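> Letter by letter, the chains look like this.
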Amino acid sequence: MNTLVVDQVSKIYGEGDQQVKALDQVSLEVASDELLLLMGPSGSGKTTLLTISGALLRPTDGSIQVGGSELTKLDDKELSKFRNDKIGFVFQAVNLIPFLTARENLLVVRSLGGGKVDAGAKKRAEELLDELGLGSKGDNLPSQLSGGQQQRVAIGRALMNEPAMLLIDEPTSALDSELGRQVMELIRDEVKNRDIAGIVVTHDERVLDFGDRIVEMVDGKIT
Amino acid sequence: MFIALREIRRAAGRFSLLIGAVALLVLLLLFFQAVAGSLTLGLTGGTEQSSSDIWVYDARARNNPAVSVLPVGVANAVTEVEGVAVAGPIGLSVFVATFEGAEVEVVILGGDPGGPAGPVEISQGDRPTAPNEAIFSVASLAGEGFELGDQIELAGQAITIVGVADDAAFNVLPTFYVAFETYAAAVTDRAGSQFEVPASIIGVQVDDGADPNVVTSAIETQVSGVTALTRPDAVNALPGVGTITQSFNILYLLLYIVVTIVTGVFFLILTVQKAQSLVLLRAIGAPKLDVIKPVLIEVIFVVGAGSLVGSVVAWGLLRLSRDVFGAQLGASTITVSVGAVVILGLLASVGALRRVLAIDPLGATRKGGIQV
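Just so you know, the protein sequences line up as chains F and R, in that order.
Numbers 1 to 223, taken from the numbering used here, label the letters of the first sequence in order.
Numbers 1 to 372, taken from the numbering used here, label the letters of the second sequence in order.
Worth flagging that the hints you see were computed from the coordinates, not collected in a lab.
Because the structure is a prediction, the values reported are computed rather than measured.
Just so it is clear, CB atoms sit at the ideal spot from N, CA and C, and this is done for glycine as well.
Be a bit skeptical, because a hint or two may be false.
What the hints assert, rightly or not - One-sided excerpt, in silico: chain F residues whose CB lies under 7 Å from chain R:
1. Ser-10
2. Thr-51
3. Asn-84
4. Phe-89
5. Leu-100
6. Thr-223
The following block holds chain F by itself, in its conformation from the complex (with noise of 0.2 Å):
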């Protein structure tokens, strides 16, 4: 069963002579427990894809399916409360609260629209960081984590709700070649064992291998 059905999504930027086309009738459908590797080069529209496959951003045309919810046609308010609960998102650049602890990182997103840090919450965040190597660090602050610990951590967090569909960008860029296979192999045994989708942008060659599958995208098409 496909988690993610994108067909004929084009995203145009500017207007103009300024337009610029980072999606250019783009289709793709990802199943629940798939791994999928976005690659290509920079502006090749990896990012804008997964944004918009993420509820984060509107295309200027197409169809986007989550879970059998059709994006297009949520307001603001919907799309945010369908992004706390059906997705994951791992950010390359900004992942984690600096004020918040680990384990609060992971329950500040039980916190969000009206919700409750309740003892299921609570329960949760502590499976999910002995689940990720991270039982010790609960109340360590980011700054105190090392940069796979924190990534772990940003993992942990976009899997706090129990989403539909992960969605990671860069998730080694920062990390060594050991590392950056720890955690893509997290990222791979989440999937499989929570039988949701999951993308993951990269451009390291290094961890092709984890991927169920990997698409490539030049110019905002899917080669």
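Following the hints, position chain R against chain F.
For chain R alone, kept in the frame of chain F given last:
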């Protein structure tokens, strides 16, 4: 609440500094208000607490009781005006009296202490029944110094305090309410010759149900060479009151402006500093309310805690200095000031809130930084 409380806890030093700054400003604000209140009360208390509904002045005195001179007989003319129940002469002047061997400046108010010349209420003792008896009132800024039963010597007369009235002083000086004859004797003794001592003003009590404003107009129409003011107008017309009030109002305004700027700038800087966190929250699905709420909670916490600390310190300092300083704070003054500081703090956070609302969640996907 989840985010705000944790941010405050992790940045305790930064928030403590701002709370300290707000507390200092609130302390100054309340301290100035206590001083201004006491100073103004020392000037106006006697008029505010007067039993007279109307004060009648010499028309040339520009409503200043200190320079007003009226023949005692004017009281009879005023009594004839419709709506006037009682009218009596009031003499008002500063004298040097002797108390326990030391000279002391006092205000002597001469008139019928049981009629228009007396204070509305006395808190201790009784009203005078003899010429050598007085009701005493003190300006809080002038300190205590006199008690029930104390005697001062004025122009060879021993005057005994038989009653005490609160907050009914004139000219920020110890004030003695005596019979007009006692006042007249002091005036002639000071002048060194005998003459018919005039009144300073005429105090008027109006008939039950009569409108003091109407009676005031009637007095000015029917009695030549006088002006008349209702008691509230007489308070405002006292020399120096307007200037003092205006000066302190400028100080209050400056302090309120500083509170607003300090709070506004702090939260604006804080918002810019944590822009990445706010972008991340919006990107992972936080509705706008979830990023606004922490700012509002933090503003209320900072100005609330700052106001509380400032109020407690101001109250404590004023209490400690009560014997030498005498200024006091009323609950209503504290409530109004703290309420104004909280409202201004919230208004000051508008800039920070606008920045928060302008956050683009898409910024989380940019490598080069966050734009807010």
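> Given Phe-89 of chain F as an interface hint, is its Cβ closer than 7 Å to any Cβ of chain R?
6 Å, holds
> Tell me if Asn-84 of chain F is really an interface residue toward chain R, meaning its C-beta lies closer than 7 Å to one of theirs.
This interface hint holds because 3 Å falls under the 7 Å limit.
> Is the shortest C-beta separation between Leu-100 of chain F and chain R less than 7 Å?
At about 6 Å, which falls below the 7 Å cut-off, the nearest Cβ of chain R leaves the hint on Leu-100 of chain F intact, so it holds.
> Hey, does the Ser-10 of chain F contact hint survive, CB to chain R under 7 Å?
Hint violated; Ser-10 of chain F Cβ to chain R Cβ min 17 Å, cut 7 Å.
> Please verify that hint: Thr-223 of chain F, Cβ, nearest Cβ of chain R, below 7 Å or not.
22 Å, violated
> Should the hint that Thr-51 of chain F touches chain R count as held when the rule is a Cβ pair under 7 Å?
5 Å, holds
When the structure is compared with the earlier hints, violations turn up for hints 1 and 6 and for no others.
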